[in-house]
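Q: Chains A and B, in that order, are what the protein sequence lines are.
For the first sequence, the numbering used here gives the first residue as 1, with consecutive numbering after it.
For the second sequence, the numbering used here gives the first residue as 1001, with consecutive numbering after it.
Heads up, some of the hints might be wrong.
Some but not every residue of chain B turned toward chain A, in silico, with C-beta under 10 Å [to be verified]:
1. Ser1067
2. Pro1087
3. Arg1120
4. Gly1154
5. Gly1157
6. Glu1169
7. Pro1178
8. Phe1182
9. Asp1269
10. Phe1271
11. Thr1300
Read the hints as simulated data drawn from the structure, not as lab findings.
Ideal Cβ positions, reconstructed from N, Cα and C, are used throughout, including at glycine.
Each chain, written out:
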Amino acid sequence: MTKTKSTYALTRRRFLGSAAALGGLAATGWTGQAFAQEPEKPAEIIVRAWGGSWVASLQAGVSDPFTAATGIAVRHDLTEDNEIQPKVWAAVAQGRIPPIHINWDTTTNATKSALRGVTEDLSDLANLANTTELAKPVGLEGYPIVNTYGYVYVLAYRPSAFPEGAPTSLQVLLDPKFKGRIALYNDGIGFHFPAQVAGGGKLEDIPDNMDAAWSFIEKVKEQQPLLGEDPDFTNWFQNGEIDLAVTISTNAREAMKNGIELAWTVPEEGSKFETDGLWIPKGLPENELYWAKQYINFAISKDAQQVWLDGLGLPGVVPGLTPPEGLAGDPSYPTEPADFERLIRVPTAIQVEHESEWFGKFKAIMQG
Amino acid sequence: MRSYRTAYPFRWRVMDTLEMLARVLWPNRFSGAVPYLMLAPAVLLVLLLVIGMAQIADSSLHVLDRSTFLPSADFTLANYQTALRQPLYWMIIWRSLLGAAVVTLLSLIFAFPYAYLMVRTPSALLRKFLLIALFLPFFIGQVVRAYGWLIILGNQGVMNEMLGWVGIEPQRLLFNYPAVLFGLVQYMLPFAVLMLAPAITAIPEEIESAASSLGANWWRTFTHVILPMSKPGLVGAGLVVLTLSLTDFAMPAVLGGGSQDFIANAIYDQFFRTSDQGMGAALTLFLVGIGSLVVGVIFTVFGAGTLAMGRGKK
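One chain only, chain A, in its complex shape (with noise of 0.2 Å):
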């Protein structure tokens, strides 16, 4: 039955993204007249994407959408964009057809290729123009990537462990009942900074001197945490073998919809925020470097934005999404000024230099 009501509502979502996309498409002057004297169409374009509920999403809002719109189709790779990165570096510099088209990405990552200089300049989208400012990376000259959403670090509980209210700090992390029962991405992204609050130390010493961090994480790591990667906190959440994890709002919400019992918050120490986006990689032929730059366009136009991000449950770069239900003025889905001040902003070129970094000291401190 579930199966059923899943699939009707997904194909409702994709014929009212389709419809969208295509008034969308006629909106920019992308026509039926245009078409002819547009290069010659690829018969598919690779998008390397996150599985689950995140590919689903991008299915639906800009994928399907495109190919109703273009007949192109568009196939999602779900390889890892840390697998990605060193096949598309190694095309590049081979001087091979890349194996992917469009690389969904998180910022930071995306910006080591912008650097490396294995990415398509994207500067001529003409949609760029109805963008905030969150879709240009920052530091990076022109738009080697564009950034198409930002999502936030949250902290993830599971609601019966709670019973006097939400947590409201870290500190909550250290109480002994959670032993083993809390989860942290394996390489501790997203949670340096907040912890670094949570340590005694300050925003602003980072990255000179980040002690408080370490220090907040050595203790962390006595609670035994679960340490893994997007669907794993999905799965923990509804194997019961967590209650709290510091994880993307989406994969909480994922396993909200899959009906766990679950909620977040943004602690009081704050809570990373963080930009994702799509570039294209240098060496694919004219035409499919062409189309290819249309699916982006595409993907930061209002329409597809609206359909994408309400699978996602993310802020976009469009002004005047309207919030999916239930996230108007949740703190994971920061719109106006006042909802950033509770989140921390780290500088992409830090992340990018110190990254390997603050990995490589977590890692010492968790195998310890």
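Given the coordinates of chain A, assemble chain B onto it according to the supplied hints.
A: For chain B alone, kept in the frame of chain A given last:
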């Protein structure tokens, strides 16, 4: 009278033609080179491996320039120095070596009776059952098996449910070192049995009967006859299990809960998580070096066992 066609069938003539062609292409005077020709594909594969290792060695001598995310042009040993200075890597190497040793020992202990029973049982039905049970896991990949254990040993898994029947609270059975070793032993067991079975088959049953008729009880026969004569199989199985365990990635990744990395996991992190191919390459060469050293020591002390095809040190 039989016709010529019947006396000398068509397919014989085809074979004659093929033989003639073969003689033209590979004259008899080259027959001494046939073994080398048959060896060529294997040599080619090893050569490719050597070329790959040379490239990895080259990568390990360049540090990552984080302003461009390209390897620096200068040759340096900095990656090795960094790896040796970090206690994290020493700990992971120690954990991997200890894990491989424990898994090897347990796998041999569990595999031996299985292999012995499979070889010696007079029941064809039991032998078939043991063979099927042995090969079945090969059809299921390592990652799938690891996820199977997540289901069985999870907080809401079958094992905890059974503990609940006798009033025991759910226990954390996963995401620790013993869970990784347990998963590895389960994975390695069929390899060990497969390597042990030929060695046990090679022991004539009459020798066991002779020991028994000379008054040796079961234990003395086992320790003085079967075990020593199974040594080539034990060494061969031990080598295979040890090297596979030492280099394993999936079990520590899935059953370790992110905090029980082996060397392969650390290499993965460098290549894919931090984009530092130089450091990843340096760790790879450490792993190859450690593995080779351990195998070399075993070869020296115990010989190559069944891997030496009967020509090893006795």
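Q: With a cut-off of 10 Å on the beta carbons, see whether Gly1157 (chain B) makes it to chain A.
A: holds, 8 Å
Q: Tell me if Thr1300 (chain B) is really an interface residue toward chain A, meaning its C-beta lies closer than 10 Å to one of theirs.
A: With Cβ-Cβ at 32 Å, over 10 Å, it is violated.
Q: Hey, does the Gly1154 (chain B) contact hint survive, CB to chain A under 10 Å?
A: Because about 5 Å separates Gly1154 (chain B) from the closest Cβ in chain A, which is inside the 10 Å limit, the hint holds.
Q: With chain A as the partner, please determine if Asp1269 (chain B) meets the hint condition of a C-beta pair closer than 10 Å.
A: holds, 7 Å
Q: Restraint: Ser1067 (chain B) near chain A, CB-CB cut 10 Å. Satisfied or not?
A: holds, 7 Å
Q: Hint Phe1182 (chain B) vs chain A: min CB-CB distance below 10 Å?
A: This interface hint is violated because 17 Å lies over the 10 Å limit.
Q: Would you check whether Arg1120 (chain B) satisfies its interface hint, that is, whether its CB is within less than 10 Å of any CB in chain A?
A: violated, 43 Å
Q: Given Pro1178 (chain B) was flagged as interface, is its beta-carbon under 10 Å from a beta-carbon of chain A?
A: The hint is violated - Pro1178 (chain B) has no Cβ within 10 Å of chain A, the shortest such distance being about 14 Å.
Q: Is the interface hint satisfied for Glu1169 (chain B)? The criterion is a beta-carbon contact with chain A at less than 10 Å.
A: Because about 12 Å separates Glu1169 (chain B) from the closest Cβ in chain A, which is outside the 10 Å limit, the hint is violated.
Q: Are Phe1271 (chain B) and chain A close enough, Cβ to Cβ, to be under 10 Å, as the hint says?
A: holds, 6 Å
Q: How about Pro1087 (chain B): closest beta carbon in chain A under 10 Å, or not?
A: holds, 7 Å
When the structure is compared with the earlier hints, violations turn up for hints 3, 6, 7, 8, 11 and for no others.
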